[in-house]
Amino acid sequence: MGKKILLEHINVPGIKSLDVYRQNGGYASVEKALKTMAPDVIVEEVKKSGLRGRGGAGFPTGMKWSFLAKPEGVERYLVVNADESEPGTFKDRYLMEKIPHILIEGMITSSFALGAKTSCIYIRGEYFYVSRILEAAIEEAYAAGLLGKNILGTNFSHDIFVQVGAGAYICGEETALLESLEGKRGNPRIKPPFPAVAGLYGCPTVVNNVETIASVPYIVMNGGDDYAKIGIGRSTGTKLISASGHINKPGVYEIEMGITVEDFIYSEEYCGGILNGKKLKAVVAGGSSVPILPADLILKTEKGEPRLMSYESLSDGGFATGTMLGSGGFMVYDETTSIVKNLYTFARFYHHESCGQCSPCREGTGWMEKILHRIVEGHGKHGDTDLLWDIQRKIEGNTICPLGDAAAWPVASAIRHFRAEFEEYINHPERIKEFKHLQELVS
Amino acid sequence: MAKVTIDGESIEVPDGTTILQAARMIGGDNVPPAMCYHSKLKTSGGYCRTCIVKVSKGSDKDPRPMPKLVPSCRTTVMDGMEVQNNTSPEVLEARRGVVEFLLINHPLDCPVCDQAGECHLQDLGYENGAAKTRYDFPRRKFNMIDIGPNIKMHMTRCIMCFRCVKTADQITDNRVHGMLFRGDASEISTYIEKAIVNDFSGNMIDVCPVGALTDKTFRFKSRVWFTKPMDAHRDCKKCSGKVALWEKGNEVLRVTSRKDKWGESEEWICNECRFDKKDIKDWVIEGPRHIDRHSVISLNHYENVVAKLKIDIAKQQKQIVDKK
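Chains as they are written, first to last, in the working numbering: chain A, -13 to 429; chain B, 658 to 981.
These are computed hints drawn from the structure, not numbers from a lab.
For each residue, glycine too, the CB sits at the ideal point set by N, CA and C.
There could be a bad hint or two in this list.
Facing chain B, a subset of chain A residues (Cβ under 7 Å, in silico) [said to hold, decoys possible]:
{"#": "1", "residue": "V148"}
{"#": "2", "residue": "Q149"}
{"#": "3", "residue": "C344"}
{"#": "4", "residue": "G352"}
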């Protein structure tokens, strides 16, 4: 059994309630931080811990915190990004639904470290029922004196608000999230300035993922060095993985970073192998926007080393033979899966979610979807694969926010690793219905 | 002050200048094209991505190149920065991509579009576009909406530069239009077909880089290159009254603001000057307007043609000498 930090008490009955949560050591970090630690010390501990942003980009959290501008007399904000919209990712929902107090505890401690008097949870509209759970938990915390004025008798006061979004993927991008939080249309801002300088209402703001903030209490209680011992290399700590697809035991797993991908897929502790004993075909390791990898490349890197569940190992080989850990949306595909159809689903999603501000993403996502649609329907034209490749290349890196990249990467990787399948769809449309093309490709 | 080098040419500019502004100060052929940036509008730019450039050296302090291509209109210069525009094949290719994206859903109805001849998208497509489209799907359509008596809107031609939105935000007292919907279905519209009525709404026509917003009083009157631009002014209580008249014979066909060589309005004018004063007696004529812009619009102005020829010949001579 690997070490559990976030999900340690997940099976304790009634852990949703404040009393049970406190009996299991909850809110100790608030007490410790507020009464015995200076804000800078906490930031320092988080830096030492090597904790990296769990939302997808993997940016070191301590570093992000230390970038926060601290002008005199200006409010600072902590915003928790609970707009978990990446297809294949559902870890934050699980965490907030089952054990909401760990997030609130993390928020109080982190806000103290950042000097923020107010923090917000921006939660996606589809998680409305989770917002109710969070609000109930916040109310409990207020009643117990853990929120509000002079928390635990110290002179630190803090308020938490929950804001429900309307369900747009783009609002998970931090600047679009801030726009939406301000009540405007959720369009990403053009950076610079970054939120650390001018964020919510023009004030310095830190935007962190739910899981990141929920990891802070452990770091405060046990020290950054202790947290850094878990995991491997620069991928410290534990990570929640949302496992889905053709596996025997889909669900949210907390893993110690550094276990092998093979272990994660096949061991009984985690995914429990491929459904119905079929063969593994491909894996999307970190949510729909990261490159898809075929079975041989996800289990072993190009150099022949076993691939590990960590930021570095998964991205080993760059995008040519590697992928990314992303947000931890681990989607497994067995041999019966059509990669082209799967890609069409992704492309349709990104087309639907593009905000429409910048030209490459607005026009390119729609174009890619249309081409993929015609390929899937059996009307693909010769040269469509090359055209798709060219379009994605012209979107990637040329957009305001990472949505353009997120739309381009799956297309690029699917063509890179499964080009034959695209050609099969285009050259033999009559065979699509019978799935013959897939069986042949596998054998 | 910061020293920046763009395509090998250096210039000292004040801190806070953007790469695009610095390039415009240098002038010449190496100025990145811009569709959504407008020098008189704050926070404009960054959307269309045509002005992207490569920063091959960040600054003297931090010489690392920037990892991605950056929009030159929204990136400020640093001391010692080195920028590649036309000298970078990567930039030119990305720009061709952007132009292709802008054109795939554009109706290409230039023969019936009043903007033809002074359209930024035409110029951009001419300079950076492909001869043939690779897009073989039906082009996007929108329902025509009426936004009032003076301005004609064709959403199909729009490239989403947000300049009209920023104009309404910054020079009128109330903005009633904006972006509706999302992605490639997004459109500029007024909510429930409200008319845009205020004294300065006409400036939206001038800032529109394409034919999405055109002057209803000039609709189908003449191609712009058959009209004669004149500088003129009148005593106006609302605006400076300094305009450009576009005449045919002795008839004033349209009134616009005076635009600089980048096609961007120098001063805003009011709707009274623009739409109601169509009699030559209303105006004090200053003389023919010198159009500096390199576009079809300036083609019937001999001075420009001659100047262009001189440059072209000089270039060719230089190339011959270089070859030898």
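Right, here's what the structure says about each hint:
At its closest, the beta carbon of V148 of chain A sits 24 Å from a beta carbon of chain B; the interface hint therefore is violated under the 7 Å criterion. Among the interface hints, the one on Q149 of chain A is violated; its C-beta lies about 20 Å from the nearest C-beta in chain B, farther than the 7 Å criterion. Nearest Cβ of chain B to the Cβ of C344 of chain A: about 5 Å, under the 7 Å cut. The hint holds. Checking G352 of chain A against chain B: minimum C-beta separation of about 4 Å stays under 7 Å; hint holds.
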